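Given the coordinates of chain A, assemble chains B and C onto it according to the supplied hints.
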Amino acid sequence: MDERASINFGRILTGVIVLFVVAFWGAQIQEQHRHVARKKVRFWHMWTAEWKDVVDKIVDRFNKSQDEYEVEALSVPGSGSDSKFILGVMGGDPPDVMAQWNPIIPPWADDHLLTPLDDLMTPAEKKAFDDQAYPVVKKIGMYRGHLYGMSIGINMSALYYLPKQLRDAGIDPDHLPATLEGLAKIGERLDRFDSQRNLTHLGWGPATFSEFAPLFGGGLYEWQNGKMTIVTPQNLAALQYLAGIRKKLGYDNVVRYNAGLDMNSASGGWPFIDGAMSITIDGQWRVEQLRKYAPTLEYRTAPVPPAAGGPTLAGVSNGNFMIVPSGAKDPIGAWAFIKFWSGLTDPDTAAEFYTWGGWLPLTPAIAQAPIYKAYLKKYPQFQTFVDLMPSKTISVLPPVPYQEFLSDQIGKMEDSALRGTKTPEQALNGLLFAVDHEISRRKELGYDR
Amino acid sequence: MTARRGRNRRRLELQSLSPMQRVSVHVALLVLCMPALLPFIWMVSTSLKLDKDIYGSGKAGAAGLSLSSLIPHPMHFQNYPEALKTVPFGTYVFNSLGLCATTILAAVASSALVAYGFGRIQFKGRDFWFMVMISTMALPGQVTMIPQFTLFRWLGWYGTYLPLTIPSLAGAPFYIFLLTQFFRTIPMEMAESARLDGANEWTIFCRIVLPLAKPALATCALFQFLGAWNDFMGPLIYINDPKMDTLAYGLQQFYSSYDGKWAQLMAAATLFTLPIIVLFFFAQKTFIQGVATTGGRN
Amino acid sequence: MRKNLTGYLFISPWLIGFFVFTLGPFISSIWLSFTRWDIVSSPMWVGAANYRALLTNDDLFWKSLGITLKYAVLAVPLAVVIGVLLALLLNSKIRGIAVYRTILFLPSIVPAVASSVVFVWILNPQIGLINGLLKRLGVIGPAWLSDTKWAFSSLVFMSLWGVGGSMVIYLAGLKDIPVYLYEAALVDGAGPLLRMRKITLPMLTPVIFFNLVMGVIGAFQYFTQAFIMTNGGPEESTTFYALYLFNRAWRYMDMGYASAMAWILFLIVVVITALLFRTQRKWVHYGG
Chain A
139 MDERASINFG RILTGVIVLF VVAFWGAQIQ EQHRHVARKK VRFWHMWTAE
189 WKDVVDKIVD RFNKSQDEYE VEALSVPGSG SDSKFILGVM GGDPPDVMAQ
239 WNPIIPPWAD DHLLTPLDDL MTPAEKKAFD DQAYPVVKKI GMYRGHLYGM
289 SIGINMSALY YLPKQLRDAG IDPDHLPATL EGLAKIGERL DRFDSQRNLT
339 HLGWGPATFS EFAPLFGGGL YEWQNGKMTI VTPQNLAALQ YLAGIRKKLG
389 YDNVVRYNAG LDMNSASGGW PFIDGAMSIT IDGQWRVEQL RKYAPTLEYR
439 TAPVPPAAGG PTLAGVSNGN FMIVPSGAKD PIGAWAFIKF WSGLTDPDTA
489 AEFYTWGGWL PLTPAIAQAP IYKAYLKKYP QFQTFVDLMP SKTISVLPPV
539 PYQEFLSDQI GKMEDSALRG TKTPEQALNG LLFAVDHEIS RRKELGYDR
Chain B
1059 MTARRGRNRR RLELQSLSPM QRVSVHVALL VLCMPALLPF IWMVSTSLKL
1109 DKDIYGSGKA GAAGLSLSSL IPHPMHFQNY PEALKTVPFG TYVFNSLGLC
1159 ATTILAAVAS SALVAYGFGR IQFKGRDFWF MVMISTMALP GQVTMIPQFT
1209 LFRWLGWYGT YLPLTIPSLA GAPFYIFLLT QFFRTIPMEM AESARLDGAN
1259 EWTIFCRIVL PLAKPALATC ALFQFLGAWN DFMGPLIYIN DPKMDTLAYG
1309 LQQFYSSYDG KWAQLMAAAT LFTLPIIVLF FFAQKTFIQG VATTGGRN
Chain C
204 MRKNLTGYLF ISPWLIGFFV FTLGPFISSI WLSFTRWDIV SSPMWVGAAN
254 YRALLTNDDL FWKSLGITLK YAVLAVPLAV VIGVLLALLL NSKIRGIAVY
304 RTILFLPSIV PAVASSVVFV WILNPQIGLI NGLLKRLGVI GPAWLSDTKW
354 AFSSLVFMSL WGVGGSMVIY LAGLKDIPVY LYEAALVDGA GPLLRMRKIT
404 LPMLTPVIFF NLVMGVIGAF QYFTQAFIMT NGGPEESTTF YALYLFNRAW
454 RYMDMGYASA MAWILFLIVV VITALLFRTQ RKWVHYGG
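Protein chains in written order, with my numbering: chain A, 139 to 587; chain B, 1059 to 1356; chain C, 204 to 491.
Isolated chain A (complex conformation) (with noise of 0.2 Å):
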C-alpha cells in the first residue's frame, strides 16, 4: 500500500512540474509590450529598505517633471553591485546612470569603466560646478582633473551630545572643551563601570582614525602634491589617541559594551536615544532620525574640537554620487536625470531632495533655497553639518587607483593599533609597508604603467 501510495505521489508530483516548466516558459515567451513614447534611462541603486522608498519618490519627481525621458529603478543589493556594473559595461548592457558611494572612482576611471561628465555637461554648468560646488564635493567626485561622480548627498561628522548626562556630572553643556584631549577627559567622567569592571556606561566614543587624523593636522594624502603621507607626527599623535582611550576602557570592555547595541539602527534603536554614550561622533543623518523616532530628546551638535593646536573644521567625509558608465545607451538623458537630483542647475527643486535623505548639499545655492532654509529652521542642530561643507580641511579617502586595498589596509592597522597587539608606531610603519609593497606589487604586475 505504501509503495503504491508513494509511485502515485511521484507520478502526480512529476506530471505537477511538468505543466508548471510548460507554463513558465508560455509565460516568458508572451512579450510585454511596453510604451516606448519616452527615452528609456536605466538607473542602478544600492538603497535598500527604506531608503528605496526616497529612492523612488526622486524618480518619480523627475519622470513627472519632464517627458522626454522615464528614468527606471533598480535595488542592486550591496553585496553583488560592483561587480553586477562591472559585468553589465562588459556585456554591452550597463545602466545609463548609477548611485554608488563605495570608493570606486579611481580605479573604474583608470579602467575607462565610466563617462567624465565633464563630457556631458555643457560650458555653463561646468562653469557652474566649479564656481559654486564645494570643496568636499570635488574632492570626493574629481580624479586625475575630470569629473567622474556628481555628488547627491554628502556625508558629513560632528559630535551629537546629551546636555543632561553632562549636566548630571557637573560639566556645563554650554562650553565644551576646545580641544580633544580636554573632551577625552570629561569622557572619563562620564564613564560608568560596575563592580567587576566592566563597562555599563560610555562617556566619550571617539571614531575612525581617518575621522581624527586630519583633526591632528594629519592625514594620509597631500593634496597639493597627490603624494600618499602615512608615518608623520600628527598621524602618530591621532593613533596614539585613540589608542589611549581605547586601552583605558579596556578593548574587550568596549567589544562587549558596543555588542549590546544596535549601533547601525536607522530607526528608534540607535544607542544614543537611550542614552548609552554620553558624546559620540555620527553622520548628518541622524537628526532625521532623532526627530522621528524620538522628537522629544534634548541634545546638541557641534563641530568636532580639534586636538591641541590642529586644524579647525576638520574631519572626514564621504557621500553617494552619480556615475555614468562607459557605453551608457543614453547618457544625455542620464545626466539630465543627475542634474535634476544634484540641483546643479535648480537648485529650489533639488533641495526638497536633500531634505528627504537628510544629505547635505552640493553647492550653498541649495542650502539657501527656501525649503532647504525651512529644513534648517525646523531642525537646528543640521546646521553644524551644513556649516561643516565650506570647510577646506575636510578630507576624503586618497584619489589612488588601489583605494579598496587602502581602506582595507586602514582598518586592519587600526584594529590591531586599538587591539593593542601593535604599538600604534608598529601599526602605521606596519600600513606603509602595506602600501609600499602593494605599489611595488602592481608595478611588477604591469599595473600603473
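Since the hints were derived computationally from the structure, they do not count as laboratory data.
Given the structure is predicted, the values throughout are model-derived calculations rather than measurements.
Treat each hint with caution, since some may be false.
As the list claims (entries may be wrong) - 27 Å max Cα-Cα, derived DSS-like pairs, lysine-lysine: (1) A:K385 x C:K338; (2) A:K550 x A:K277; (3) A:K195 x B:K1182; (4) A:K202 x B:K1301; (5) B:K1301 x A:K190; (6) A:K386 x C:K338; (7) B:K1143 x A:K202; (8) C:K206 x B:K1182; (9) A:K190 x A:K467; (10) C:K338 x B:K1272; (11) B:K1143 x A:K178; (12) A:K430 x B:K1143; (13) A:K560 x C:K485; (14) A:K515 x A:K430; (15) A:K302 x A:K560.
Frame of chain A; chains B and C shown alone:
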C-alpha cells in the same frame, strides 16, 4: 509455510527495537534537535518582533537576545504582510518555482543518463573522463564567472533565463557523481540476466536501474530544488529586468550594509523556507524509509 | 566497439555541455592567470609574474592557504562521522521519525543570509544566547567572532549545522542496502552492532566516499559564511583562501592574479582528490 513465517518474524525482529532502545533513541534525537532548531526558531521569533526589540532596549546588558525574549510579547504578525509588500513576492515566487522546476527536470534526467554511462558501462577512457568531470568542481567559480559571462554574452543570452537553465541539460557533476555511486551498488547479475534475455542498455537503464535508484534520484531532485531556490548570484548577474528576479534575489533587498529591515527579512526568510519544509516532510516517504521491504530487492 | 559507442552516447549530455560551457571558460581562465587583467581593459601577458608574486611575495597567500587547510582537516572528517551517526539514528523505526528528520535537515534549508545573521546574534558577546547560558554557569564567554583566538573555531563549529545535507544522502544510501543481507546475518545469529560493522558500514562506503570527496572540494572553497560573518577578521584569522581570492578578483580588480590563485587551488584539490580515489580500492565496497 514455516519458512515464510520465520522470514516475517525475522523481518519484524530487524525492524523493532526494545522499549529501552526506543527511549534512548528518542532522547538522543531530542537532544540533537535543539541546536538544529535554533537558527530556525530564532528566525521565526525575530520575524515577530519590531526592529528595535531585536536588540532589547538599547541599554547595555539588556537581555535582547536571551532565551527569555525568544517568545516575543506582543507578537507583531504585521511583519509578514509588510514583507510581502516590500518586494513583489508573488512574481518572485513564480519565477523561482519556474526555474526550480525546469532545472530539476533537466538536471536529474541528464545526470541519471550520464551516471549510467559512467557507472554501468565499461568503455575506453571512462576513468579519464570521470576524473575530468570531478575536477571541474575543484576550480573556484569566481574566476570562470567572467569568461562564462563573455560566452553567454556572445551567445546573446545576457538578460534572459537561458544561462540559468540550459547548462542544467548537461547534468551536474555533483548529481552525476552521486548517482554513479548508487548505480554501482546494483549487482551485475541483474543486468546480466536481462541482457541474456535480449535487453539492450537503454532498457536495462529504464526498467531495472532507474526504479532501483529512486531514493537517489529524489535526493538529487531535492538538492537541485534547494540550489535553484537559493541561487542569488545567477539572477544577479544575468537578469536586469526586475520582473524576472527570483525570491533569493529579493531576500537580499531587505538589508544593506548600513541598516536593514531585520524583522521583515526574517519574516521573508521564514516564508522562503516554509515550502521546502513542507515538501521535504511529505516527500520523505518517496526516498527515505527505515529498514523496510522494497520489493524486488530480494 | 559497440560498448564504447554506447558508453559515450550515455555520457554525451555531460560531454557536450563540458565542451560548450565549461572547457572554454576553463582554458580562458588558465590563460588569464598569465596576464595582468583588471577586468575591463585588455589582458596583458606577463608570463609567470602572478605565480611568482603569489609564491614568493605574498604573506596572505600562505596564511589563507594554511587557514583553509586547517579548516579542511578539521571540518571534513567531523562532518562525515557526525553525518553517518545521525543517519544511523534517523534510520530507526520509531514514531515521529519523519519529524526528527525534517528538524535535523532544517539548518540546510534556511537561507545562508538569514542563518548567518542569526548565528552572529547567537554568538554576540554581550547579549547572545551562548554567552548568556555560560553566564548562568558562572563562566564569562569569549567574544567569539570578534576574538582573534576564537573566530576560526566558531566557524568550524558552525559548519556542523550543514551536516543535514549529507545526512539525507546517507539515508538514501541506507535504504538501498538489500534486506536479505540483514536477514542472512540474523539467521547466523549476528547482533545489531555486528550487523552494523559487517553490513551497514561497508555497504554505505560508496556514499561515504562521495561525501568525503565533496566535503574536501567544498572545504577548500569555503567562503560564504566567512564573508558574511567575519569578512576575514579579526586580524585575518578567518581570511580563507576563497575569501582572499574574491577580494583580489572583485574588490582590488586584479583578476589575473586571482586566476592564478584559483589554478593553484585547483591543482591542490585535484591532487588530494586523486589520492582519495586511489584509496578507493582499499575500503570502498561496490555491490556490482
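*Which numbered conditions among the earlier hints are violated in the structure presented, ordered from lowest to highest?*
When the structure is compared with the hints, numbers 3, 10, 13, 15 turn out to be violated.
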